[in-house]
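**Student:** Sequence:
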Amino acid sequence: MTNEQQRAIVITGPVGAGKTSTMWALADLLQAHDLSCAGIDMDTLRRYHPQPSDDPFGNRLGRKHLAFMAASYFGAGIERVILADVVETTDDREALALAMGDPGLIVVRLRVPMDTLRQRLHGRESAERLPWYLNRAVELEEILDANAIGDLIVEVTEQPPHHVAHEIAARLGLIDFTAT
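Be aware that the sequence shown starts at 1, since it is given in our numbering, and climbs by one per residue.
Read the hints as simulated data drawn from the structure, not as lab findings.
As the structure is a computational prediction, the values presented were derived from the model and not from experiment.
C-beta: ideal position from N, C-alpha, C; glycine also.
There may be inaccurate statements among the hints.
Distance windows between CB atoms, simulated [said to hold, decoys possible]: (1) T44 with G104: 31 to 37 Å; (2) G77 with A97: 19 to 25 Å; (3) F57 with G101: 28 to 34 Å; (4) L152 with P52: 19 to 25 Å; (5) N135 with D43: 15 to 21 Å; (6) V138 with Q159: 19 to 25 Å; (7) N147 with A179: 35 to 41 Å; (8) T89 with F68: 47 to 53 Å.
Model the full assembly from the supplied sequences, consistent with the hints where possible.
**Tutor:** And the structure:
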């Protein structure tokens with residue numbers, strides 16, 4: 001298998017953007033077209049307590065887990081690994097590319113209107129945690145904009161994840177929907 005077949009795709013965006021839902025929808029879509037892929041939710045790989053004070057989101061350990069999983073998937077012949085994660089900087093991108101063994105990894109950014117993010121967060125977070133998530137959503141949007149994160153930017157409003165996944169697959173050339 002060549003490196004071109006081992007394409008790593010990272011779905012990124014602020015909290016509440018639908019990264020994980022979109023990642024699973026994209027994996028389902030590729031599988032429905034009999035295309036080899038695996039999905040990984042980075043939040044799961046770094047969910048532990050306590051996290052080091054110098055790594056409050058657990059990125060280092062999460063990337064160690066990711067390196068093992070990506071190598072396992074690619075070693076088993078899986079051609080694409082789709083990851084849901086927040087990519088704030090080019091250093092984050094490079095660290096993920098290194099962990100996944102794919103220097104050509106593609107970052108897909110979900111851009112969601114702030115009103116929609118607020119509505120989603122109100123619907124999913126507890127009253128105690130909501131203020132942190134609302135502040136983090138604004139902060140991440142500013143960081144992603146300032147750092148020009150995203151090889152592909154998908155404008156998301158109220159579309160369900162499977163519609164967003166369809167757009168990603170079409171724009172990345174993963175599926176030719178015109179050849180039906």
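**Student:** Does each hint hold? Answer for all of them.
**Tutor:** These are the hints, each one checked on the structure:
no., hint, in the structure
1, T44 with G104: 31 to 37 Å, "25 Å, violated"
2, G77 with A97: 19 to 25 Å, "21 Å, holds"
3, F57 with G101: 28 to 34 Å, "22 Å, violated"
4, L152 with P52: 19 to 25 Å, "33 Å, violated"
5, N135 with D43: 15 to 21 Å, "18 Å, holds"
6, V138 with Q159: 19 to 25 Å, "22 Å, holds"
7, N147 with A179: 35 to 41 Å, "37 Å, holds"
8, T89 with F68: 47 to 53 Å, "23 Å, violated"
Hint check: violations occur at hints 1, 3, 4 and 8; the rest are consistent with the structure.
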